[in-house]
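Asker: The lines below spell out each chain.
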Amino acid sequence: MTTNTTRDAAVADGSRQTTGARGTSVVLQNLNRAFGVTKALDGLSIEMAPGELVALLGPSGCGKTTALRIVAGFETADTGSVLVDGKDISHVPANRRDMGMVFQSYSLFPNMSALDNVGFGLRMRKMGPAQRRRRAGELLDMVGLSPQARQFPHQLSGGQQQRVALARALAIEPRVLLLDEPLSALDAKVRLQLREQIRTLQQRLGTTTLFVTHDQEEALSMADRVGVMRQGRLEQIAAPDELYDHPATAFVAEFVGVMNRIPGELAADGTVTVLGRTVQVQDQGGQGDEDGQERPSAGPVDVLIRPEGLTMQVIEHGNGIVTTRTFLGSVTRVAVLLSGDVTVQIDKPSSEAAALAPGTSVSVTVPPEPVLIAPRQ
Amino acid sequence: MAAVAETQEVRAPRRAAGPATVQPGTVWRWVVLLVAAVYFLVPLLVAFRFAGIKAFGSVVSEPGFTSSLGLSVRLAFVTTVITIVLMLPTTVYVHLRLPKIRRLMEGITILPIVIPPVVLIVGVLQIAPGSLKSTAYLLALEYVVLAMPFAYRAIDAGLRALDLKTIVEASNSLGAGWINTLVRVVLPNLTTALLSAVVLTVALVLGEYTMASLALYQTFPVWIYVNSQASGQVSVAASLLALFVTWLFLMLITVLGTRRSRRTGGGAVTLFTVARQETRGN
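Residue numbers (numbering that gives the first Met the number 0), protein chains in the order written: chain L, 0 to 376; chain W, 0 to 281.
The set of hints was computed from the structure by calculation and includes no laboratory data. Treat the hints with care, as some may be off.
Unchecked claim - Incomplete in silico selection of chain L near chain W, CB under 8 Å:
| no. | residue |
| --- | --- |
| 1 | H90 |
| 2 | N94 |
| 3 | G120 |
From the three backbone atoms N, C-alpha and C, an ideal C-beta is built for every residue, glycine too.
The shape of chain W in the complex, shown without the other chains (with noise of 0.2 Å):
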């Protein structure tokens, strides 16, 4: 109750004096957002101007373009699948059972992102059957590594917004057993964070380079990066569209995301928070 009488009197008088006086902190952060823009926007702009309207057109036609966005597609699938599968019983794991090694568990996952990947490379090599080291899948288990950190991070925010013991032992005391608890309790209550891990790994694959150009493959990326020596404006309106894409993909999933977690109390989806709203008091 708390909580949310706070943030209702703390909103009110903002409101009623908002048009009238104009508070200098009000001023700053526009001032921010519009710095802000620019310099995300101008960019965009610049090369959407640099791009034409006709090139957009003759994107899909290239040679390689479907090939190469199906082959990012199929990859962004496969590594989110593993990394899921992987991360989420890992993580469910730590938080029930070994609370205490949560601040190594964060530390491990953080390695990806300071080693430089063709150490990666090599290790994932050193490590991956035989049979995939012809395929461009091996890739799908580089991105696993890189996605580690993101999608942990996620996860456990969720978990974090829950009382898991509490869930996970009344779920136990009602007659359910582990496969039950997880199926049923535990997921449905990160369906958000979840979300959160699948569109990072997701945006994460789409937009990998080094890996995919190191290992010879022509993901999406490295397809735009090839056409651009051929056509320049071809393969900006391509990073546009990609771009573009992925946008309106994180924006759905947000939107989706955040309507479901609302109608059961859970907070809006961000992408590392999953704050979930204070129980109203006695």
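Chain L on its own, in the form it takes in the complex (with noise of 0.2 Å):
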């Protein structure tokens, strides 16, 4: 996996910058917190290795900021603890708990220019004017905003605001870094080049940091894990390629990347047939299904199948007619509408999609691998 090659190659060469981050561990303990009657988290757990980036991922309500807010200190968990190189700072107040945080809105102060803004927790520390101020100026070279240290935050940009503060967290030379969807404010461009720097920092600082996200994109290019969460829990936690090859329920599979649902006919032993192919069904960790519904033993299911793992063949009196194209650069995504009024998605190189006009008549078939099943819709 690229990710993780390039953060050991990382470390193998010693690029990694000696830091007081360096080696810490955290580690999320069956945390449960409860707003009224609504379960934030229900018995989360994560364990994250030294200078690790881990991304949460979810959709808005799934939990995942509070579980960030509890790891930074502003809200407490019901029960559950929180340890950082094994110990527990569950009762460490916010400002001493040593961790450098970005936040969605732009939280600069706006009566102090970019460079007092970066050296406020040198300033904290009680760190020298002098040296604080040299600090606070190489940070912003390490974001590339040297320029721009005279100035106040309601001069500088949106994107511009968002890297002091990155600078501004990581000045501290935090223990964790955490990230509550720093990007989520930014136009797409800015986004994307913010990203990279993220990352690029991160493995170069080594820091371990715990990224919040409802953008998958953004959790799949960045984390060296990525943790898929649901009403408070956590469905899968696993490597970005991993969690896309291998979706561990119906729900990851769906909301991570695109995902085709084609009725099916579940067998009592253990085979699915679709589209005419009797195939064997993946192995989803035996967990209940979505709304707590178990997962069928035997009738009509939806198979869930990615757009690249569909093939199809043009043929006269095929299964399917082609109705639209998505030209995606290297791939075009074809619309193909099966009998039964489905409608499932299937990436071909563009050069081969040339000959696939809407109305083109196709036979759509499933390989014979594997497939994830789920409760028909």
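With the hints as a guide, bring both chains together as one complex.
Answerer: In structure tokens, the structure reads:
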């Protein structure tokens, strides 16, 4: 996996700067938190290795921000604990936790210049003015904002403000870096740049980082591991490719990436027949499915297959008709209407997709590999 | 970015169209302004003519002028200090921890305006420490109650213009405790709002008549009234002088506050709203 190899390489060649951050592990242990009757966190446990970037991904209200705020010390868990380097910090106030945080909304102090914002944490650590200014200057340089050092937050663009906020959080050499949807207020292009910048810096400094986002692309592209959350619980935590290729639950499968739902028939022997082919059902960890429904043991189900997992051939009187084509660069996503009013998306190399004009009759088949299933919708 | 761009776009054509074609809206604006100016300025001019220039010279040497003005200024100072010390932490706390009771707070703080001053005096007398009851500073306690609606609204407006929760949390996460957060992060961003609160409180104290006169203390407004029995011209001159000094004071604070807040991106200082400029986009 690319991200892991990069990180391992960085460790191996010693390019990780020695900071106080080195070697900090974070463990969230069975966190529970209820707001009234709503369970924001329902037994959440995560173990983060030193230097790891873990993204918490999930729809709004899934509890990911609550988890982050508990680690930061802005919320308290009803039960459960947070361990940093093996020590329970549940009763340590936020200002003594040594955690750098970047917020979703612009959080720079309006009365201070960019330089003073970055230096604030150092000032609180009683660092002298000269040293503080030098260190703050270095950090601004690191995020590429040296020319803006004397500017006030209102004179900076949103992207620049978030970079200053990042520099400010990193200035204190935090043991843990917490990112609360830091990119969601920015426009697409800036978001992409900043995403790379955060990841590069994080790897260089080796700061253990917890990153909360609802944007799957962000999570998959930046994190070593992504934890998909739903209703206060962790559905699955795994490396991005693992999550994409082997989702543990139907929720994860559909939340991460694009997923087709095709009606199939589950037999008692654990095979499922879909589009005329009988295939094995992938092991789904034996968990109950969405809304607590148990996985059906036999009968009608939906089979979940990714757009690149389906094959199709142009054939007269096939089982589907091409309806639309969406050019995505090297691949083209083709929508095919199957009998029974089911539309599926299939990815084809753009060169091949040229022959698939809307109205073309095609035959869509499932490869002979185990598939995921979900209760029929 | 949107906000900035919009205002510029809106302004540009208006400026261009200005001298050539006068729009009806512009005419009405001037009419309203003129009527208001006549309404406010004519009584002042008449008062000025009635007093005559000489009266202004003799105001200062009138018996009781210095002592009454001194008392009013001292009361203004004490009232302002108590008001800020009470209202600032309260309002900050409500914003941070009890946002749900903000409406209730608004309701409570409006009470001094609707309750007759006599009732307030009785209320303050009930709880004031005995040692204060024989001094003029009892008035300060009453003025604190009177100033509450204005001070609360000014500070509340200032806090609303800030993303208080986020900057307080940012400050905490960087290692600042409560005192450092309040002194270095919250207060500097509230200077404009606090100035507004101070201005309103001072203006209120310098102009309050009913309570002082009921309590038989000769504050400046009471002195003006008492003096008007003896010499109408001098007391009118004193009123005008007081008005002018207060106005000068307000202007000074407004200009200084605006300059300061512009530097850090805040809006102009007005008494009740502190508009913060939209952040430029990405």
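Asker: Now tell me if each hint is right for this structure.
Answerer: Now for the hints, and whether the structure bears them out:
Annotation: H90 (chain L) was flagged as interfacial toward chain W, and the flag is violated, the nearest CB pair being 15 Å apart, outside 8 Å. At its closest, the beta carbon of N94 (chain L) sits 5 Å from a beta carbon of chain W; the interface hint therefore holds under the 8 Å criterion. For G120 (chain L), the interface hint holds, the least distance from its beta-carbon to any beta-carbon of chain W being 4 Å, beneath 8 Å.
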